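Protein chains: 2
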Amino acid sequence: MPTQEQMKAVLQAYVDGFDAADPGAVSGLFADDAVIEDPVGTPPIQGRAAIDEFYVNAMAVGTKLTLDGPIRGSHGDKAAMAFTVEVPAMGMRIHAIDVMTFGEDGKVTRMEALWGPDDIEQ
Amino acid sequence: MPTQEQMKAVLQAYVDGFDAADPGAVSGLFADDAVIEDPVGTPPIQGRAAIDEFYVNAMAVGTKLTLDGPIRGSHGDKAAMAFTVEVPAMGMRIHAIDVMTFGEDGKVTRMEALWGPDDIEQ
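Residue numbers (our numbering), protein chains in the order written: chain A, 1 to 122; chain B, 1 to 122.
Hint data in this document are derived by calculation from the structure and do not stem from the laboratory.
Predicted model, so just to flag it, every value in this text is computed and none were measured.
Take every hint as true, because none was put in to throw you off.
The list treats identical chains as one, so a pair stands whether inside a single copy or across any two.
List time: in silico SDA-like cross-link candidates among lysine to any residue, alpha-carbon distance up to 25 Å:
1) Lys107 to Arg48
2) Lys8 to Pro117
3) Lys8 to Asp118
4) Lys8 to Gln122
5) Lys64 to Gly106
6) Lys107 to Pro117
7) Lys64 to His75
8) Lys8 to Glu121
9) Lys8 to Gly69
10) Lys8 to Leu65
11) Lys64 to Phe54
12) Lys64 to Asp22
13) Lys8 to Thr101
14) Lys107 to Asp118
15) Lys107 to Val85
16) Lys8 to Pro70
17) Lys8 to Glu86
All chains, full assembly: derive it from the sequences and hints.
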């Protein structure tokens, strides 16, 4: 199992990848068969091609993330962070929390994004 | 399924119950057979008696919670919040994120608390 430090570094790299507008840097944090449910309650996407496309699309609209406080670990294989998503092309801001589950190799195997219709500011 | 507003009100009531030092107000937010994994990676507790005891013990040391930003919903049956736990009796502060899953009746059926050894400040 990855250490707390390793998991938190992956979540930080996720934020930094958006900042650098580098979709490959973000999708590369995920295992090839990872599942992303973003947001929770919508159909999950799975697998390398879908994940790559997801982040290319997310960054095509200039999306940036700002952490709302420190990244949290756990006593197991999960870590989480609260952040604010800015989507300038849509004049939109979203308050979100992402929970990531890790595999033995330190890659993210599952991400659940918590944000609802009420968490969007226009 | 409860609405976004209903789920968020439950999470706010969770914080408020600590503020009021009212363990029954907090444990009453959970279904009788709810599962709590706090923190993730430790053995879960389950059921009314264990949940009641958990919050009596948590509040016996004066624990208070402060939200780090707005409570987040989802497009499904989950909501989450990032907060800071103050445990004055232990001179301790913990940065945590709780994810709660809801049943049809609006009671919490599962809570996962994300915080690790590194998220504790002494």
